[in-house]
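**Student:** Spelled out from the first residue to the last, the chains are:
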Amino acid sequence: MDSLFLEFFQNTGFYLCDYRNIIMIVIGMVFIYLGIAKDYEPLLLVPIGFGMLIGNIPIFKGLGLGIYETNSVLHYLYFGVTQGIYPPLVFLGIGAMTDFSTLLARPVLMLLGAAAQAGIFVTFLGALALGFAPNEAAAIGIIGGADGPTAIFLTAKLAPNLIGPIAVAAYSYMALVPVIQPPIMRLLTTRKERLIRMEEPRQVSKREKMIFPIVAFLLCCFLAPAALPLLGMLCFGNVLKEAVVTERLAVTARTSLIDTATILLGITVGASTQGDVFLTTSSVGIFVLGAVSFCIATAAGVLFAKFMNLFLKSKINPLLGAAGVSAVPDSARVVQVVGQQEDPTNFLLMHAMAPNVSGVIGSAIAAGVLWSLMAKTV
Amino acid sequence: MYGIEAINANNGWAISVVGITIVFSGLVVLALVISQLHKFLDLYENPRKIKNWFSRGKENDTPLETSAVIMVLTEEQKEIAKQFALLVRTMEDHFSLPRLLNLARISGVKNFHSNLNILLKSAIIFPDKEGYFCWDQDLYIKTISY
Amino acid sequence: MGSISDVLKKSIVFKSLEVTDLQGLIPLFERWELHTGDVITTAGETAQYFFIVERGTLLLAMDQGRSVVLSASGDFIAMELLSARGIYKATTTALENGVVFAVPRGAFLAFIQEDTPGAAAIMDAWQDYLDQRAGFVKIIEDIDVPAIF
Chain Z
260 MDSLFLEFFQ NTGFYLCDYR NIIMIVIGMV FIYLGIAKDY EPLLLVPIGF
310 GMLIGNIPIF KGLGLGIYET NSVLHYLYFG VTQGIYPPLV FLGIGAMTDF
360 STLLARPVLM LLGAAAQAGI FVTFLGALAL GFAPNEAAAI GIIGGADGPT
410 AIFLTAKLAP NLIGPIAVAA YSYMALVPVI QPPIMRLLTT RKERLIRMEE
460 PRQVSKREKM IFPIVAFLLC CFLAPAALPL LGMLCFGNVL KEAVVTERLA
510 VTARTSLIDT ATILLGITVG ASTQGDVFLT TSSVGIFVLG AVSFCIATAA
560 GVLFAKFMNL FLKSKINPLL GAAGVSAVPD SARVVQVVGQ QEDPTNFLLM
610 HAMAPNVSGV IGSAIAAGVL WSLMAKTV
Chain A
-18 MYGIEAINAN NGWAISVVGI TIVFSGLVVL ALVISQLHKF LDLYENPRKI
32 KNWFSRGKEN DTPLETSAVI MVLTEEQKEI AKQFALLVRT MEDHFSLPRL
82 LNLARISGVK NFHSNLNILL KSAIIFPDKE GYFCWDQDLY IKTISY
Chain Y
511 MGSISDVLKK SIVFKSLEVT DLQGLIPLFE RWELHTGDVI TTAGETAQYF
561 FIVERGTLLL AMDQGRSVVL SASGDFIAME LLSARGIYKA TTTALENGVV
611 FAVPRGAFLA FIQEDTPGAA AIMDAWQDYL DQRAGFVKII EDIDVPAIF
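These protein sequence lines are chains Z, A and Y, in that order.
Take 260 as the starting number for the first sequence in this note's numbering and just add one per residue.
Take -18 as the starting number for the second sequence in this note's numbering and just add one per residue.
Take 511 as the starting number for the third sequence in this note's numbering and just add one per residue.
Treat the hints as calculated values from the structure; they're not laboratory data.
Beta carbons are placed, not taken as given, at the ideal position from N, Cα and C, and that holds for glycine.
Errors might be hidden in some of the hints.
[As the list claims (entries may be wrong)] Sample of chain Y residues lacking proximity to chain A, with all beta carbon distances greater than 12 Å (derived):
#1 T546
#2 T567
#3 L568
#4 G575
#5 R576
#6 V578
#7 T603
#8 A604
#9 E606
#10 P614
#11 A617
#12 A630
#13 A644
[Stated by the list, open to error] Using 20 Å as the maximum straight-line C-alpha spacing, the simulated SDA-like pairs for lysine to any residue come out as follows:
#14 K30/A / R86/A
#15 K465/Z / V90/A
#16 K468/Z / D119/A
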């Protein structure tokens, strides 16, 4: 009987526990805390955080419980991540809830979304310099796009072994947008610039909004066909929204479908961060590069806005450049908050949504470009 | 392999330059297209404007027809403009102004003479030079949202 | 309050007239105050007056639903625009309060039928004005001005 107890004890988490599991469980709890108490991207951080708890329960190998065991339930759910199924579904929902009016009203703000993508390529160079393989470097670089689904999608295609750290890094930095971005924004702008008021955007007609996703899809996907799964779903979702006659589908896409995909994505990505797999030197490198990438993306957007002001008659508030990273809508909210710290009557949120949504398009194109350029090396 | 050597060996500089160029070009082209989109739609909705490009004597247009300034309307006037917009929707693209006036009278539109006059002065309603009038939807939207 | 001579000087139709011609015309005009909705001519009735706008907006409703809106100071409402063969062919309604100067039709026609440089200047200017403001009325009627209006 003693031996049975001993055998059972040896199969419990208490016996199998590794210090790395403890670290990851603590990180998971921090994620849950940040999500619930600090309201940092709760819809992402809470599932990922709890997924970390699930993934770091020490288990007896062979029972078919772990996410990396081929016959486990979690592994089947993780299939949607490794095969890049969930990100396009999330993009469908994003498309069905995004209003592109501000972008259509002032398309020049789209360039800020393009400029912020510089972070992706600078980080790509940094990752190469740190010794990562080109495909891994590309997957790490996309963290600078500040777009979780895009990062997961590209990593699944180029470096599936890095999905855990890259997804966690991407979502962590997205959640930490309100902490990371403001100091950079203040550092790179003068008070006078932060006080700039934007012109009222023109009214956009229903017909324009209806045509936009189709034109954007055709143009972007002809240019970068590899962006098809993400942009195709994003634009399709937006067509459902704007067509009105497909309201039922749009409602499903922006509620049940995106919620289901987000839950499965979050929980499985979290569960993939098993301490022994996750806590490696390369993960540390990915986290450092991710932070750098995010900072560069923010700085590039702000500096490009200042550069544009050299030529524009109607100046734009350079804070908007920070919204070019595609963390929707958090980076736009940050722009609003930083702008209102200087002038509480200056409302920048609506204007910041333009570079914000163009950042989503830009990061999807960047992912498509990197995928097509790296496909041969995988 | 690390550092610059690794970047060079993996063709990193070229990939980065090509990558950012493609992303930028894509978004620039998209921005250019969508910045013109409303103009194309405006022409689609008001084909008369295409005709005007080719017609001579444009310099002789009256101030009513060329007014580019958005008239500021009171909330009440905006509401009445919306009623006129609904009436115009029931008519042809090139509609009869006296008929519109009559419809406004029958429909109980308040101060229909002077409010029609406001729409004429704001150039939301403009003559097609054939004795009929057109509705400038773009200007109408701008005016009521001003 | 503007005078008829000021309005005539602004009018495309009359501004090229010599002072002496203007002095001959001015006594023919009488000033009418208009209120929103006032109808000053009705299609089908005997044409008695022509009008020149000092201020206000007037809608001239013609047959087949066609119409012309006149609102500039100096706009002249006469002949093909307003009448044919002594009958009004347009109903003229004031879209806002305004002022017009009315000239008896017969007296005006008598003035422009005189074989004078002033009359010729008015007719030439009138044709240009009509081309600009309501070219379609000439297409409808193709009236041989001034003989048959």
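**Student:** Each hint needs a verdict: does it hold in this structure or not?
**Tutor:** Results of checking the hints against the structure:
1. For T546/Y, the requirement that its beta carbon stay farther than 12 Å from each beta carbon of chain A is not met, with the minimum near 5 Å.
2. Distance check for T567/Y against chain A: the nearest CB is about 5 Å away, which does not clear 12 Å, and the non-interface claim fails.
3. Taking the minimum C-beta to C-beta distance to chain A, about 10 Å, the non-interface status of L568/Y is violated against the 12 Å cut.
4. Not every Cβ of chain A is farther than 12 Å from the Cβ of G575/Y; the closest lies at roughly 3 Å, contradicting the non-interface assignment.
5. Not every CB of chain A lies more than 12 Å from the CB of R576/Y, the least distance being 3 Å, so the non-interface label is violated.
6. At roughly 7 Å from the closest C-beta of chain A, the C-beta of V578/Y falls inside 12 Å, breaking its exclusion from the interface.
7. The Cβ of T603/Y sits about 7 Å from the closest Cβ of chain A, inside the 12 Å cut-off, so the non-interface label is violated.
8. Listed as a non-interface residue, A604/Y fails to keep its Cβ farther than 12 Å from every Cβ of chain A; the least gap is roughly 7 Å.
9. The claim that E606/Y lies off the interface is violated: its Cβ sits roughly 5 Å from the closest Cβ of chain A, which falls inside the 12 Å cut-off.
10. Every beta carbon of chain A lies more than 12 Å from that of P614/Y, the smallest distance being close to 26 Å; the non-interface claim holds.
11. Distance check on A617/Y: its Cβ is at least 29 Å (rounded) from any Cβ of chain A, clearing the 12 Å threshold; non-interface status holds.
12. Residue placement check: A630/Y keeps its beta carbon more than 12 Å from all beta carbons of chain A (closest about 22 Å).
13. The Cβ of A644/Y sits about 7 Å from the closest Cβ of chain A, inside the 12 Å cut-off, so the non-interface label is violated.
14. As the CA atoms of K30/A and R86/A are separated by approximately 30 Å, the hinted pair breaks the 20 Å bound.
15. With a C-alpha separation of about 26 Å, the suggested pairing of K465/Z with V90/A is violated against the 20 Å cut-off.
16. For the proposed pair K468/Z and D119/A, the alpha carbon gap of about 14 Å is at most 20 Å, so the pair holds.
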